[in-house]
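> Sequence:
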Amino acid sequence: MKQKANIILVVDDERDHADGIAEALEKLCTKAIAVYTGKDALEIVRSRQVDVVVTDLKLGGNIDGLAILEEVRKQNEKKLQNLHLNPPKP
Numbered sequence: 001m002k003q004k005a006n007i008i009l010v011v012d013d014e015r016d017h018a019d020g021i022a023e024a025l026e027k028l029c030t031k032a033i034a035v036y037t038g039k040d041a042l043e044i045v046r047s048r049q050v051d052v053v054v055t056d057l058k059l060g061g062n063i064d065g066l067a068i069l070e071e072v073r074k075q076n077e078k079k080l081q082n083l084h085l086n087p088p089k090p
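For the record, in the sequence shown the residue sitting at position 83 is 83 according to my numbering, with numbers rising by one throughout.
Honestly, the hints are just simulated from the structure, not real lab data.
This one's a predicted model, so the numbers in the text were calculated from it and none came from an experiment.
Among the clues, some could well be false.
[Unchecked claim] Straight-line alpha carbon distances no greater than 27 Å define the calculated DSSO-like cross-link-like pairs of lysine-lysine that follow: (1) Lys39 to Lys58; (2) Lys74 to Lys31; (3) Lys31 to Lys58; (4) Lys74 to Lys58.
[What the hints assert, rightly or not] Distance windows between CB atoms, simulated: (5) Asn6 to Asp40: 28 to 38 Å; (6) Asn62 to Cys29: 27 to 37 Å; (7) Lys74 to Lys27: 13 to 23 Å; (8) Leu28 to Asn62: 30 to 40 Å; (9) Lys27 to Asn62: 13 to 23 Å; (10) Ile7 to Thr37: 16 to 26 Å; (11) His17 to Asn62: 16 to 26 Å; (12) Asp51 to Asp19: 26 to 36 Å.
The C-beta atom is built at its ideal place from N, Cα and C for all residues, glycine as well.
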């Protein structure tokens, strides 16, 4: 029986970060989609099942990472687990 592939959505307004994370995840085991704006992330979340979201909380523009996570929570019946990582302060 074929198992459904997990989809990971990577959201970061710094393209190199998003692309690098998505590329590393795809090499490991799964399908990863990199997007660079909150608007694009919301379009993906609303149009397909996303299993994991890795997002920058401070995206440029008027849609931040928390708004994306809230929409994921609304769209998915499964309980969403949050993990927040912040870079060390200089």
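> Given the hinted pair lysine 74 and lysine 58, is their alpha-carbon gap at most 27 Å?
21 Å, holds
> Take a look at whether the Cβ-Cβ distance between histidine 17 and asparagine 62 falls inside 16 to 26 Å.
20 Å, holds
> Taking only the CA atoms, is the gap from lysine 74 to lysine 31 under or equal to 27 Å?
22 Å, holds
> That 16 to 26 Å hint for isoleucine 7 and threonine 37 (C-beta), does it hold up?
18 Å, holds
> Between lysine 74 and lysine 27, does the beta-carbon spacing fit 13 to 23 Å?
31 Å, violated
> Verify the CB-CB distance for aspartate 51 and aspartate 19 against the hinted window 26 to 36 Å.
20 Å, violated
> For lysine 31 and lysine 58, compute the direct alpha-carbon distance and say whether it is at most 27 Å.
Holds, at about 24 Å.
> Between asparagine 62 and cysteine 29, does the C-beta distance stay in 27 to 37 Å?
34 Å, holds
> Given the proposed pairing of lysine 39 with lysine 58, does the C-alpha separation stay at or below 27 Å?
Holds: lysine 39 and lysine 58 sit about 14 Å apart, inside 27 Å.
> Honestly, do lysine 27 and asparagine 62 meet the 13 to 23 Å range at C-beta?
33 Å, violated
> For the range 30 to 40 Å, tell me whether the beta carbons of leucine 28 and asparagine 62 fit it or not.
Hint holds: Cβ distance 33 Å, inside 30 to 40 Å.
> Do the Cβ positions of asparagine 6 and aspartate 40 conform to the proposed distance bound of 28 to 38 Å?
At 20 Å between Cβs, range violated.
In the structure shown, a violation is registered for the earlier hints numbered 5, 7, 9 and 12, in ascending order.
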